[in-house]
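My request is simple: use the sequences and hints to build the entire structure.
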Amino acid sequence: MLQHIIDSSHLFRPETALTATFCVVLLVDLFLRKRTSMPAYVAVLGLVVTGWFIAAQYGGAPATLFSNMLAVDPFSIFFKSLTLASTLVIVLFSLQSNELRDSKRMMGEYYALLVSLTLGMFLMAGATNLIMMYLSIELTSMSSYILSAFTKEADDSSEASLKYVIFGAVSSGLMLYGMSILYGLTGSLDIYGINRALIAGNVNNVTLLISVVLMTAGFGYKISAVPFHFWTPDVYEGAPLPVTAFLSVASKAAGFAMMMRFFKVTFIDAAVGGSYLGSWISVPGFEWNHLLAILAVLSMTIGNLIAVWQTNLKRLLAYSSIAHAGYLLLGVVVLSNEGYAAVLIYLAVYFFMNLGAFFAVMMVANKIGSEHIDDYKGLGYRSPLLGVCFTILLLSLTGIPPTAGFVGKLYLFSALLNAKWIWLAVVAALNSVISLYYYLRILRNMFLTQPDPAGAPIRFGAVQIVILLMFVIPTILLGVYFGPLVQYAQASITMFTNR
Amino acid sequence: MIPLEYYLSLSAVLFATGVIGVLTRRNAIIVFMSIELMLNAVNLSLVAFSQYLGSTTGQVLVFFVMAVAAAESAIGLAIIIALFRNKQTLNIDELNLLKW
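Residue numbers (my numbering), protein chains in the order written: chain A, 1 to 499; chain B, 1001 to 1100.
If you're looking for bench data, these hints aren't it; they were derived computationally from the structure. Hints are not guaranteed to be accurate.
As the list claims (entries may be wrong) - No more than 35 Å apart at the CA atoms, straight line, and that leaves these computed lysine-lysine pairs for DSBU-like:
id: 1; chain 1: A; residue 1: 377; chain 2: A; residue 2: 367
id: 2; chain 1: A; residue 1: 367; chain 2: A; residue 2: 34
id: 3; chain 1: A; residue 1: 377; chain 2: B; residue 2: 1087
id: 4; chain 1: A; residue 1: 34; chain 2: B; residue 2: 1087
id: 5; chain 1: A; residue 1: 367; chain 2: B; residue 2: 1087
Stated by the list, open to error - For the chain B half of the interface with chain A, some residues (derived, Cβ under 7 Å), not all of them:
id: 6; residue: 1023
id: 7; residue: 1038
id: 8; residue: 1042
id: 9; residue: 1047
id: 10; residue: 1049
id: 11; residue: 1057
id: 12; residue: 1064
id: 13; residue: 1072
id: 14; residue: 1076
C-beta: ideal position from N, C-alpha, C; glycine also.
Here it is, written out as structure tokens:
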């Protein structure tokens, strides 16, 4: 037992490093109050150390920690790397944000909370026990409640945060009720144990369905899928922009990690199927993927249709992120390794294009103090470089070749077609067309309307342009040279399987 | 010995009351109280199952739920205070700055 704990704590180093970073950032803020950007540098240092520990885990055999509480396997390492990269990027964003600088608040708390949010997502990526899943989802949620209310003098920030807390608490309550039913049915909180009990049979399918529907409420809230999406637009609009960008990418990725692991381990008979293209066998008599197919269709359609009327860019991107949650769910619905690999590819691509789009919105908001679509009129003439970069990112979000977004959609759709979900592929393709309309509306405002006479050229700092290019260049590059990403994603869907 | 069904029915009723409270009440504090009711219903069913199955893991989860619920209401109340300073109201119908 003691040996197991010692072995586990070796594999737990990235999380330990994050916890230490959290404490050090708070202490630095306490003792070096004068230097306001010091906590950010300390946080970056801690994140780099964490990254080093994660890099040391690459190539290791899948293992389980602390008596089946957490798994360290290629799947969780992929999501940890993605989350860590987003956190580093968000620290950069926060240093550039006028909104946060003007709030004149102690930034130590801000960076400490960013680190604890990252810790929560790390745990979500590896959780293999219902207790761990609940705790990690709550750690993530609570840090994000506070972060989204960080500029609390602004009316919209505190209002958004209150809505977030209420929705978050209700969905985690629903999820917990689902967990308690699942526990009652199978007598285990460990997802491998639940899987064994389900395969052994004697489980009432109706009760199981109720419990899965309730648990899906918790997952759906994290990945902001319809009908659990109501908080998304409000929080995205009210929260400071760097926080919004973080929630839209990392929070969604962590939610998907937890959901994919839960569904695959719990409801798939691991003894059957195993080849790359081969589809899995669900636990007899229980087709949970149809439930997710409904969520996917609702998220895509409602997200895209409501985005059409939006005039605030942050809100528009919020609805677009709801629609993207729908696309991502398609990969989970097909029940095959191919589908899971497609989700991972799409999330990696989404990281570049969505963070880039949010950074472009932030650059503009820093200069003209507005996120309204009308204020983007003639922006392509006032700042051609930003206009072109934003165009590339938006085309990628739509999924037009030769951008990375096209590659992501291509793999998702081919997974769907291989699994004979033709009607779902048609719905998804139609939705891409709707999304083209609202992304093009921004482009039309930027390039086809002349700037107001008062609209002088806007100049951006060199640092900001470099950060923006850090997203735009991979977005194009991954659109033409995506082999390594695809191979990496396919290697990363290996999960720890219990005996 | 009270049968398991009694506990589960009570838990379901409590949970439903909590959900109805969240959906219909307009005062933010009462909404939070209803959320606590939902969590307590979950705790009840977990403890009942734990007793019935003769395993303690369910009761461990209950401890975590109680601790997390306390932390969550602390954050919720802090945000309510921040909001009250801005708007002088706790009625969630008047929180309509952000919609659609």
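Check each numbered hint against the structure and report the violated ones by number, ascending.
-> Structure breaks hints 6, 9.
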